Every structure is written in C-alpha cells, then in structure tokens.
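Q: The chain contents come next:
There are 2 protein chains.
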Amino acid sequence: MEHPALCVAAMLLTAAALTVAHAAPRRAETRQAPRQSAQEILAASPAADWRALDPENTLVMELATGQVLIELAPRFAPAHVANIRALARGGFWDGLAILRVQDNFVTQWGDPDGEDAAKARPLPAGASARLPAEFSVPIDRIGKSAGFTKLPDVDGWAPRTGFAEGFPVAADPKAGKAWLAHCYGMVGAGRGDAVDSSNGSELYVVIGQAPRGLDLNITVVGRVLKGMELLSALPRGTAAMGFYDKPEQRTGIQRVRLLADVPAEERPALQVLKTDSATWAQLLDARRYRSGWFVHSPGHIEICSASVPTRAAP
Amino acid sequence: MEHPALCVAAMLLTAAALTVAHAAPRRAETRQAPRQSAQEILAASPAADWRALDPENTLVMELATGQVLIELAPRFAPAHVANIRALARGGFWDGLAILRVQDNFVTQWGDPDGEDAAKARPLPAGASARLPAEFSVPIDRIGKSAGFTKLPDVDGWAPRTGFAEGFPVAADPKAGKAWLAHCYGMVGAGRGDAVDSSNGSELYVVIGQAPRGLDLNITVVGRVLKGMELLSALPRGTAAMGFYDKPEQRTGIQRVRLLADVPAEERPALQVLKTDSATWAQLLDARRYRSGWFVHSPGHIEICSASVPTRAAP
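Residue numbers (the numbering used here), protein chains in the order written: chain A, 41 to 354; chain B, 41 to 354.
Hints were generated in silico from the structure; no laboratory data involved. Keep in mind it's a predicted model, so treat the numbers as computed, not measured. Certain hints may be false.
[Unchecked claim] Straight-line Cα separation of at most 30 Å, BS3-like style, residue types lysine-lysine; simulated pairs:
hint, chain 1, residue 1, chain 2, residue 2
1, A, Lys190, B, Lys214
2, A, Lys214, B, Lys190
3, A, Lys266, A, Lys314
This is chain A alone, in the form it adopts within the complex (with noise of 0.2 Å):
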C-alpha cells in the first residue's frame, strides 16, 4: 500500500517544473516555474546569498529544552531593540518563565509578578520602562538600504508587502508607512491599553494562523530563527487566554543573552539567507508555481506563506 504520509510532506518539499497557472482572476499569467526543488535551490545557492548573525541583533535565549534564536530589527523597532539589548545585557529574564500559550495565537514570556508592584523584577540599569509606539515606519526606511523586495501576489492586509532584511513586510505607500507582519515565528513586544506601555521586557512569538490583524497595534520587534518548535510544542495554558492556572505549569527560562556577549568559540554559527539574494526570489516561486505531486498550483503566495530559510554556517 502506498504512504499517503510520505507524499503529503513531499509537497512542500515537491520540484516545481513547468505549471499551468492558476485561473484566478487577479492572476492571468501562465509562467514557467522554476525547474528545480526547494533543496535544490538551496543547495545551488551562491555563498553570497547568505550572511551570518549580527551579534548585536541576536538573542539567545536558553531553556532546559534547548536554545532559541532571536533576530532582532533595529530598523523598524530601535527602540525597543536597544531596550531588548539592555534588558538582556542586565540579566533581566533569566530564571523568569513561559507564562502564556494560548492555542493557534502566541507564547509570551517574562516576569510572572510583572504586575504586583511589591514583587516584579526591577528593570536593569539602561532599560526604560515605557517605550514610545513603533507600529510603523516611515516608508522610506525600507527603500534601497534595507533591500525591500516586494511580493507581486495581492495581500488583503496591506497594499504592499514584501521582505526586508529577512523580515514579512507591509507598507502603505499613501500613508508612507511600512511595518513588520504577524507572521508564524513573529516576535513582539507585548503593551498594556496605552499605545506607549511596551518596552520588550514581556515578548510573544507567533505560533499559529497570522494574526495580521495585529499589525500596525502593537510593536514588533524581530523573529525566531531557531528553536521555534521549543516554543510552539509547549503545553497550552488553560487558564483565561492561554495563562497557565499553575506557576509550576510555566516553562523556566535559563538564561537570554545577547549573541554578542557569547563566548565567540560557543557561539552557534548559522547563516539567513538574504531576501533581497536570487535565491530567495527562486524559493518563493518554486511556492507560487508548483508541480509533480500538485495537480493544481495556485500562482500565488503571501509574505506568511513562507519563513526564511537558516542554514548552519558551511
């Protein structure tokens, strides 16, 4: 009897050849797809293509289970990634804990008496408490610099929306704004009513459907790059919103440094691939275009549909 498991992971995985295109109406073209499979892109991909972690734009977090890495995004959070920097140089989460998961919306961490006065941890010297609002950008500050590629693939969310510097962005060209999607694996800044309580010391990551509803509410402040199934795979809290009843339900969190402050010899070398390289153009449309094991490829994608690929440094 044939796997039917095999070949249902096979598809993300599938080559995609020549495709008719789909007969959407937003989407009339038929275009030839890229011959080659997603790991034979990835395996045919230039050096070039790729870079290595800023170490001042990483975090590590560290948990009995295993490491997480976090690439931070100075240029559309600054603020509050120097705050993240502050807090993590200042030792401000170690030996605090998961506190949240809440079912197909978010894992949230930090200080489980971060509303009793009498018991939160202080904040470390340099961190601010409150932060101002960094929903949006400036337009202009994903221009050249930051290699903005724009996706052709109609968003419902936004009028434009692309990748920048290995991050799912939306922007509005009309109201000059750009800002980071709530896509999977998404980190952010968890705020209170007012628009200027967050200041990163409480972090979510995204761990199911997009909520891009999110954006442009609250500040995002990067994404998970490794170990993200260390924090999608934890039990779900079942108290009100996915808060655990119990302090013993919560995940421990060892220890969050900045990769910086690492010791350069135990310092994991993984490389992200450039959203603004050819090979990544490749990959989203070996998405867009499929073939063998699809019968149908639906010509299109949208800036969740997939995560930038990592790789361990060659």
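Using the hints provided, position chain B relative to the given structure of chain A.
A: This is chain B only, laid out in the frame that chain A set:
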C-alpha cells in the same frame, strides 16, 4: 507596572465599537462595527443560531490526554466520509498512532506499518483502499441548501471565499468549483502521487499558517471541533518532514469511533454555531472592525482568520 500580557491577550477579545475603517485601497468604506465584544455577541446569540452535532458526521478520537472531536464534511467529500465511517466502525485506528508532527504544518496519524504490505493493518469490511479524488465539488453544491455565506474580503488564493455548514470554503465561479480551504484545524486525507490514492485511513490536521497551496490538491474531509490542542502541542518529530524517529516517540490512539456508536449518555453535548447565522456575521464584523485596545482596525478578515465557535449545549 502594567502587565502587557493581559493586554496582548485582550486584543482577540476586545469589544469592537465605532471604528474608522482602514484606508486600504480595496476597502474604502467607513463602517460602524458592532458595539459588542465577541463574548457579548455569543452571550446574546439566540438558541436557533446553534446546531447539535450530527452523530453520523462526527469522529471521536481518544488519546491518553483526552478526546478529539472531528466534524466530517460529506457535502465536500462524500466518498471519503463514507469510507471514514467504515474505518471507524471497523475499529481501524484503534491502537494505531500519531506518526508525524511537522512544525507550522501538520499533525498526521494512521498506521505506522502502512508502507509494509506484510505488516499493514487490513482495511475493515466495507472500506475501500482507493477513492476518487474529492479535491472540489461543483459550485452549485454550496448553494442555498448549504447556507453558503460569502465574505466580501479579498482573498489571494481564490476568487470567492466564505463559509458553509461550519467550514471555510473557497470557490471559483468561472471554473464552477468549490472546495474546503486548508485553515488551522482542518483535516485532510493523505494521498500518494496518484490523485485517487487516498482512502481516509491516514489523516492530517493543519497546525500552523494555513497551507492554502494544498487546496485543490488533496481531499479535505472535516475540521477539529474540540481537542485541537491535543494535536497541535505534541513534540515535533525530528526525522525528515516531522516524522518521529523512534516508535516510542509516537502518541498512541486508543480508539476512534463515530459519535453515533458512542452510547447516548456518554456523548459530548457540543453545539456548533451556524455559519449562516446573524451571530456568525456579527463575530466576523467584530474582527474586521476593531476598537478599544486597537488603534488600527484592519477592515479585513480572511476565511482562516476565525474559527467557528462551539459551546457546551446549554
């Protein structure tokens, strides 16, 4: 110190009062949103907006951690649903296992020995080994009798989207087709390379960003109504494509029955909101037009943005 956690959480549940619509190009209208929160809308919903489970169209999967309820979709996959009924009635899945959990993709279950003809569990009497592909149905099947309600929101994957009988549905009027969409929690039937190679014995559920590129490529058979977190929070498999390396890593399936075969007094008394009800339309509007904690209202939703609610029968 304010606790960002509660407020990040509150967004999903925030009352949507008067909102200025998003200035997105495709939605110029300004519109008043319902002045009620999702909870208030649900609390005020008339009994007639809810329906009971159909015992012939509901699967009850028992794991050591609890019960998963799956609603089947005979309107969209009649042959697969009939086969799944025969498989359940023949005890096919009893003692089998969850074989694969791939982060941000699917959890999949079936016969671990399915690929080994000598060891594979034989299909029970009345179940077919191969079924015709049921990737779409004629569009007239989502006519009046199905209570199809169209979303006004643009969707990049299909020219028309909406809900029918509790399921997210996409359609292409020009091609005369309608199909179930791969949203979070939707259940499909794994297949091999041949389009008619699925039989419903190997099933998967979406546990991440909606892989809409699978639409029209595989038969979707239903939706998880309850117990989703028992499938989404499992450890990710570390072998290729999220399969488990070792048999002991798998999660055992104790038993799968049709609800009709569960003694009446043991049946979970769950109700599902009707998707052609005013309550469902109000809930969608409360997500489209936000206020309160939100400073930006997206003016948009998509079929995978919201799951159809269930409740314990009052």
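Q: Now tell me, hint by hint, if it's right for this structure.
A: Now for the hints, and whether the structure bears them out:
1. Lys190(A) / Lys214(B): holds, 29 Å
2. Lys214(A) / Lys190(B): This hinted pair holds, its Cα atoms lying about 29 Å apart.
3. Lys266(A) / Lys314(A): With Cα atoms ~16 Å apart, lysine 266(A) and lysine 314(A) stay inside 30 Å; holds.
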